[in-house]
Amino acid sequence: MRAARFLPLVILAAGLALWAFRGFYDVAPDEQAIVLRLGRYDRTVDPGQFHWHAPGLETVLKQRVTTTLREEFGYRTKSPAQGAEVEEHPEEKRMLTSDENLVDVDFVVQYRISDLRDYLLNSRPEEREPVIRDAARAVVRAAVAQNPIDQVLTARGLIQDAAREQLQATLDGYRAGVRIENIQLQDVEAPEPVREAFADVASAQQDRERAVLEAQGYADKVVPEARGRSEETLNLAHAYHEKRILEAQGETEGFRAVLGEYKKAPEVTRQRLYLETLEAILPKMDKVILEKGTSDQLLPYLPLGRREVPR
Amino acid sequence: MNRWVAGVLLAAALVVFSLFCVRIIDEREQGFRTFWNKAEPTLFGVALNRPNLTEPGWYVVIPGIHQLEIYPRQNIHFHSTKRSLNTVERTLVDADYYVIWRIADPRRFYEANRREETAVQRIDELTYSEVRETVNKHSLADLLSSAREAVQHEITEASDAKLAPLGIHVVDVRLGATLYPEENLARVYERMRTERSRFALKFRAEGEQQARALRSKADSESQIILAQAERESLRLRGEGDAEAAHIYAEAYSGDPEFYAFVRSMEAYRKSLDAQTTLVLSPRSGFLKYLFDMTGGAKPQK
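Here the protein sequences come in this chain order: G and Y. Each residue of the first sequence is one higher than the one before, counting from 1 in the working numbering. Each residue of the second sequence is one higher than the one before, counting from 1 in the working numbering.
Calculated directly from the structure, the hints in this document are not laboratory data. Among these hints, one or two may not hold up.
Pairs of lysine to any residue, SDA-like flavour, derived with a Cα cap of 25 Å [unchecked claim]: (1) Lys221/G - Glu231/G; (2) Lys62/G - Glu100/G; (3) Lys217/Y - Thr233/G; (4) Lys288/Y - Met285/G; (5) Lys137/Y - Glu182/Y; (6) Lys217/Y - Gln206/G; (7) Lys217/Y - Arg227/G; (8) Lys270/Y - Tyr262/G; (9) Lys243/G - Thr277/Y; (10) Lys264/G - Ile247/Y; (11) Lys202/Y - Gln216/G; (12) Lys284/G - Leu273/G; (13) Lys82/Y - Glu231/G; (14) Lys287/G - Met293/Y; (15) Lys288/Y - Ala260/Y; (16) Lys284/G - Thr277/Y; (17) Lys264/G - Arg50/Y; (18) Lys137/Y - Leu273/G; (19) Lys264/G - Pro256/Y; (20) Lys202/Y - Gly217/G; (21) Lys243/G - Ser197/Y; (22) Lys263/G - Asp255/Y; (23) Lys243/G - Leu234/Y.
Hey, can you work out the whole structure from these sequences and the hints?
Shown next, in the form of structure tokens:
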């Protein structure tokens, strides 16, 4: 009878205990949770054991937040574990540049959840990825569209940064609750049909550099050579200068010596010199001795100029 | 005792009532509630119902009295198909775009569209016409510059204004790809090729120009160096000759007659050789003694 009186209380207490027990939940280390109280956002919960919420009045929404998420454009990595297998999506690559050229750009966007409340409450789960993809696609295209093709091909860093900033601003506008870690442009190249023409421009640039280098090489060779030859000419001239003077000095000294002797006995010396000279030169020559006065008659008969050279 | 029982029963009744008659609308939802299918019925001037439940919280929805339509409160994403657009200069461009929109007014939304699919259809039609008209007012160069942002903003504003009566708020409209249509690509590629070959020609010509400049400069430099050396060399040689002449003149002016003699002797040695026929007179000084032992002089005693 006594027990029967307390029965409703016991049932109530048991019910309450059961209800309270169902309120425990845990948040894994790579997760966060938000709690809605009567539908309204109440708090964000960090990882831990034995958190409690009031079942029926509060709702707990858990989400992995530590992983960096990744969206690829223009290609898909088939199996991230192996990494190598890549599937091309050419239709996602083609973009227009500001000078109305076409360019193929592959890129990847990495992001993480920065505000779980916004992330979970402002978008539908199945639309989160498409929104980020669409926004990234639009923003990268807009960034590429603001640069001429040569800039796009060479200054991808600039475009990456501009696109990252713009994408962050856009998604903040949707209160998407994500932070864009980076946008990386992978392959940036001219479309297949015109790639050869672009390669030719690159090789033309190299041709230009090569031509200049060759010309510099030529200059580096020709000028020192000329210097060398000029040095040579100058040295020869110098030698000639000295030689002439020394010769003159030598000859005149010789002459002075002979003159000294000559002054002592002019007649004899003069005769000696004369005879020595003739002695030296006459043996080699043909000689004809003619009386004076006959020469006029005989000369026409002499075989002048028809002589054989004695060998 | 009776109080306890009454309390427990009241609590139980509350729980049962709330289970059946209270609807919690959370942050992700909003609702349109009617009272006997009327949005704003009044009884003696007192409003009986608030139709727009846009804020999260708990609301009384009594079955049989209230009707509740739940709509999402989140952003909704719509992606268009590829459209052909004309720019102001009649350039045909293939473009697609996406729309981020929200239900701003559940009551209007219910009355105009009722279902989300209907709304999506209208958004598709209306944003397409806005995109088409706005792009039509701008040049392709606008789309390919920082003005693209302004164009998108213009489309967003116009779409939002037109869709507001349907209870829809357009958050953002953005162009995705803007590309030339497939059939124009060949021409574009041709133009790109032409432009590139122009660059290639220019670079090669520049290389040629710079190389020629460098080579001719080197040539001129080397020629000048050689000419300077030549000048210097001629000067040195001339000076040497002059100096030598001076030395000779100085030495020989001591006895010019004797010099003439000595120099003549030397010249004879050099110039008269085996090719010379010499006609000698026996009366010449050299042959003086050849036929006359005394040589015309009186023999010495």
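Taking each numbered hint in turn, which are not upheld by the structure, reported in ascending numerical order? Violated: hints 2, 9, 13, 17, 18, 21.
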